[in-house]
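K.L.:
Starting from the structure of chain A, add chains B and C where the hints point.
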Amino acid sequence: MHLAVLGINHKTAPVELREKVSLDEDRCGTLSRHLLDDAGISEVVPLSTCNRTEVYIVASRPEVGRREVMSALAEISQVELRDLEECAYYHEGETAISHLYRVAGSLDSLVVGEAQIMSQIKEAYHAAHKRESTSVLLNRLFRHALEVGKRVRTETRIGENPVSVSSVAVDMACKVFEELEGRTALLVGAGKMGELTATHLVSHGVTSFIVSNRTLSRAEEMAEKFNGRAVPFEELNDYLPMADIVISSTGAPHYVLRKGEVERAIRRRHNRPIFFIDIAVPRDIDPGVNDVYNAFLYDIDDLNEVAGANAAQREKEARKAEVIIAEEVNDFLLWLSSLDVVPTITALREMADKIKDGELEKTLAKFDADLTDKDINRIEALASGIVNKMLHSPTVELKRAANERGGYLYVESMRRLFKLNGNKRKERQKSEHSKD
Amino acid sequence: MDSITKIEEVLFIAALISYLVCSGIYIWYLISRNEKFVRVGTMLLYMGLLAQTVALGLRWYSSGHAPMSDLYESLSLFGWGIILFFLIAQHFYPVKAAGALVVPTAFLITSIAGVFYKGPEPLVPALQSYWLWIHVTIAMLSYGLFTLSFGAGFFYIVQEYLLKKNYRNVLYTFLILLSILGLALGFWAGSWWAEPAKVMDSVTQIVSNDYATSDYLKILGGGVIGLVVGCLLGFLAGKGASKPGFSSRLPSLDVLDEVSYRGIAFGFPLLTIGIITGAIWADQAWGRWWGWDPKETWSLITWLFYGAYLHTRLTMGWRGRHSAIIAVIGLIVVLFTYLGVNLFLSGLHSYAVPA
Amino acid sequence: MLAEKGRWSGLASIAFHLSFLFIGLGAILAGTLGFDESLDLPDGLTAPVPHSELRVTSHGFDMKTVPVKEGDRITGYRPSVYSTDLELTDGGEALARKTITVNDPLRYSASNWLLTLITSSKINFHQSSYYQSSNGYVSVLQVTYKPGKSLIYVGFGLMMAGICALYFPHRRIWVKADESGTLLLGGRTNRSKVIFQRDFDRIANELRHTLGKQEA
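Sequence order for the protein chains is A, B and C. Here my numbering is used: the first sequence runs in plain steps of one and ends on residue 1183. Here my numbering is used: the second sequence runs in plain steps of one and ends on residue 713. Here my numbering is used: the third sequence runs in plain steps of one and ends on residue 221.
This is chain A alone, in the form it adopts within the complex (with noise of 0.2 Å):
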């Protein structure tokens, strides 16, 4: 039995070959009946996200499970597998249950912190277990991978200030208005990079939209995706004391914003404040307005500049999830040993044998000098006897069970059955913080 992952992402393969390569849920079924039909792998669970593709199986020896995924992924996706094989990555064991935890913990995605990487393991992982592709190794893998990636989120300032410009200009606004529920926004130009704001904005709880372009038409367009309302570029003076924040992203010349007009419109807005954003190169508003009573002004390079800090601060923080995650995989792989079936028979003879000495010494104890040696011989033979017979049968099935598919479910309920676990890793980690 070893865990492992074959997979390609966004650092290994071009978005051509990503693109087919992705499943859907009717994909996902496919792939994970075929694979286990394969005598060889006992578990599966596909995870297709924009960014990436990656299959975790259960194999019981490991370059069957390699070849059996890579021509099993490269059949579905209808892909050459020297494709496939060029870009995919394939880790075993140790490797695989970090690799898993990183991209958990968002450490392994595009944008680092980013939080939908979650839901998506969430989803693959239920859709795999309702599919019955999962057992007790994937089951245990994932639901610890989730707790890792919250573990990382709230120990760790990784997902805190964004590093995208448009989330930059929206976080921003936040720190003057306190919800954006209910606020006005002014477009000024249908820019691109305009829209991609507002957009951010909608899912922020912005509701009313005013846009401005020099071409009507144009902004009538925007104004019908944000449920807003077109207004003529000439009158835009007379909207700019509705709005809350001002969205410029036009392709003049010059500005179009200027600073009196600004101080008569915040004048207007009884000194509420006005929340600039200029992300047209070159600038729509005058850089003057920063200086406004209440009017606050951000340009790209500000933002910029602010998403930057951001990222750094990210990767800071990034170090400190790679901590996190190195002692997961640790607690993990200390589970997973517990499965191997020697040391659970070790474990099952020596709880057998304490039981036995505890036992023996009790009932000895209460004959006091009415036994010879020859007697005590006895008994202590007869325990022997018992114990030794009792274990014969499952020591040698769990032996057997080992070299067989899902061998582990016979450990994992022996040890159950016993209580075989605590114990052991308690005295691990004992051991290991007296290493510290």
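Among the hints, a few may not be true.
In silico DSSO-like links for lysine-lysine, alpha-carbon gap of 27 Å or less [said to hold, decoys possible]:
no.: 1; chain 1: A; residue 1: Lys-1103; chain 2: A; residue 2: Lys-1113
no.: 2; chain 1: C; residue 1: Lys-103; chain 2: C; residue 2: Lys-69
no.: 3; chain 1: B; residue 1: Lys-394; chain 2: B; residue 2: Lys-522
no.: 4; chain 1: A; residue 1: Lys-897; chain 2: A; residue 2: Lys-758
no.: 5; chain 1: A; residue 1: Lys-1136; chain 2: A; residue 2: Lys-1146
no.: 6; chain 1: A; residue 1: Lys-922; chain 2: B; residue 2: Lys-597
no.: 7; chain 1: A; residue 1: Lys-1067; chain 2: A; residue 2: Lys-869
no.: 8; chain 1: C; residue 1: Lys-69; chain 2: B; residue 2: Lys-476
no.: 9; chain 1: B; residue 1: Lys-394; chain 2: A; residue 2: Lys-1063
no.: 10; chain 1: B; residue 1: Lys-653; chain 2: A; residue 2: Lys-1067
no.: 11; chain 1: A; residue 1: Lys-1063; chain 2: B; residue 2: Lys-601
no.: 12; chain 1: A; residue 1: Lys-877; chain 2: A; residue 2: Lys-897
no.: 13; chain 1: A; residue 1: Lys-1006; chain 2: B; residue 2: Lys-522
no.: 14; chain 1: A; residue 1: Lys-1136; chain 2: A; residue 2: Lys-1121
no.: 15; chain 1: A; residue 1: Lys-1063; chain 2: B; residue 2: Lys-523
no.: 16; chain 1: A; residue 1: Lys-897; chain 2: A; residue 2: Lys-1136
no.: 17; chain 1: A; residue 1: Lys-1121; chain 2: A; residue 2: Lys-1146
no.: 18; chain 1: A; residue 1: Lys-758; chain 2: A; residue 2: Lys-1063
no.: 19; chain 1: A; residue 1: Lys-1006; chain 2: A; residue 2: Lys-922
no.: 20; chain 1: A; residue 1: Lys-1006; chain 2: B; residue 2: Lys-523
no.: 21; chain 1: A; residue 1: Lys-897; chain 2: A; residue 2: Lys-1063
no.: 22; chain 1: A; residue 1: Lys-922; chain 2: A; residue 2: Lys-897
no.: 23; chain 1: A; residue 1: Lys-1063; chain 2: B; residue 2: Lys-597
no.: 24; chain 1: B; residue 1: Lys-523; chain 2: B; residue 2: Lys-601
no.: 25; chain 1: A; residue 1: Lys-1067; chain 2: B; residue 2: Lys-394
no.: 26; chain 1: A; residue 1: Lys-972; chain 2: A; residue 2: Lys-939
no.: 27; chain 1: B; residue 1: Lys-576; chain 2: B; residue 2: Lys-476
no.: 28; chain 1: B; residue 1: Lys-394; chain 2: A; residue 2: Lys-922
no.: 29; chain 1: A; residue 1: Lys-1103; chain 2: A; residue 2: Lys-1067
no.: 30; chain 1: B; residue 1: Lys-523; chain 2: A; residue 2: Lys-922
no.: 31; chain 1: A; residue 1: Lys-922; chain 2: B; residue 2: Lys-522
no.: 32; chain 1: C; residue 1: Lys-103; chain 2: C; residue 2: Lys-127
no.: 33; chain 1: B; residue 1: Lys-601; chain 2: A; residue 2: Lys-1006
no.: 34; chain 1: A; residue 1: Lys-897; chain 2: B; residue 2: Lys-394
no.: 35; chain 1: A; residue 1: Lys-869; chain 2: A; residue 2: Lys-897
no.: 36; chain 1: B; residue 1: Lys-601; chain 2: A; residue 2: Lys-922
no.: 37; chain 1: A; residue 1: Lys-1006; chain 2: A; residue 2: Lys-1101
no.: 38; chain 1: A; residue 1: Lys-1146; chain 2: A; residue 2: Lys-1101
no.: 39; chain 1: B; residue 1: Lys-476; chain 2: B; residue 2: Lys-653
Honestly, the hints are just simulated from the structure, not real lab data.
P.N.:
Below, chains B and C alone, put in the same frame as chain A:
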């Protein structure tokens, strides 16, 4: 009676320690943004408040009159009010960060109370009136609210400069505030150090200080040392705060403005009632409403100051930095009215001076 | 009109500022027509009341003291309560008698008083202080007469009422429907313009939102 005094003392010290620890935690929160830690801090603050409440209650019980007759009792009540209103504000608004200024202020005021600690004593004749607790409680509660406004107002100014990318002014803001605080504390410590001869009028029981030149020098020296230390701390804090990332540790402008405004909006009517009850009491005790004694004059100045805040805000639409600056200066006026007048100027309100 | 709130709030500001007038008037009255005199009254003696024909007699000064402690050592004594048993007479006829303490003065309504023409008020005898002379204690009284008192109290009342009402601003919102189906929304407030504008914008947005949905 003795054991009650003992318990009261222990509880007061416990509250003081909890405020000190919480000051550290709330300042640390600004530096590290550790949410878990600050939650512990909030719990601790609640416990400190409870301890101080019980201490004040025991004082009331053991002395037989409302605990507002001397500087220890009224300062303790002042600190209590600050913590109470800060916890209320923190419950309704995300203003934990403001605690980095408000909680240390409360600690400072409570610890000054500790300096003036005296066992429970019977009231002097002039204070034997039911107006005592009405007048003092209301005045102290309004001061507590003004302190909250001050904290929120200060961080409003800082946050606004941060969002305007004007980092130099962030540094100046810290520098100015902490210098003034340092100067005031230095003067106070200096006056403590100077120990001028006390002259007490045997008839009126008005105590006045008789300062010699060396006493003035000591006070001045204390002020200079305080100023230097304040400058240094202000510079360090300002340097730490004047970077783009710091703005994400502070509440939004909207919240800070609102909390600062609410503090004054509730504090001003209380102050008005406090002054009116004071006038009625004065009429009863001395046969006059208003005598232009230093305390009365300064509380009128305070009242006009906050009146100006509300006037500019409600009828002229002021808000933001200008209002925040008034709120910050307002507390300095309050502290002078309260401590400065009691300690440096003698008058009819000088019961509070340690005789 | 769609909605209205706090119609009487306009009065708040008037009440508040009117209170200054009352307090000022009261103070002027008290300052010009009233008096505030200090009167030293030795134990058992009678003295004339300033600005009047009345006389006031002390029937005994009384004082209780408490020890001043420094640690457990008693370093002295200070007064805890002192009082004077006071009698007010008008040509031998007793008008009032009371034991006064610091916070409990003797008040006498001088109905035949010269200045009651302007406003009814009382003459007050406050226990202000005391000193010891060779002949025993001398009680120091503060004799005051404040004709504007009622005005000042009215002023205080108005001020409190005005301040409380300040927080309930007058707000009005109108809606006007056009023939073309356009809705015109208007609003007006006399205070807290910022908050009103914010609330108004919210209402307008909500309205736009729900109306937009209905059309669709």
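K.L.:
Would you pick out the hints that fail for this structure and give their numbers low to high?
P.N.:
3, 10, 16, 17, 29 and 37
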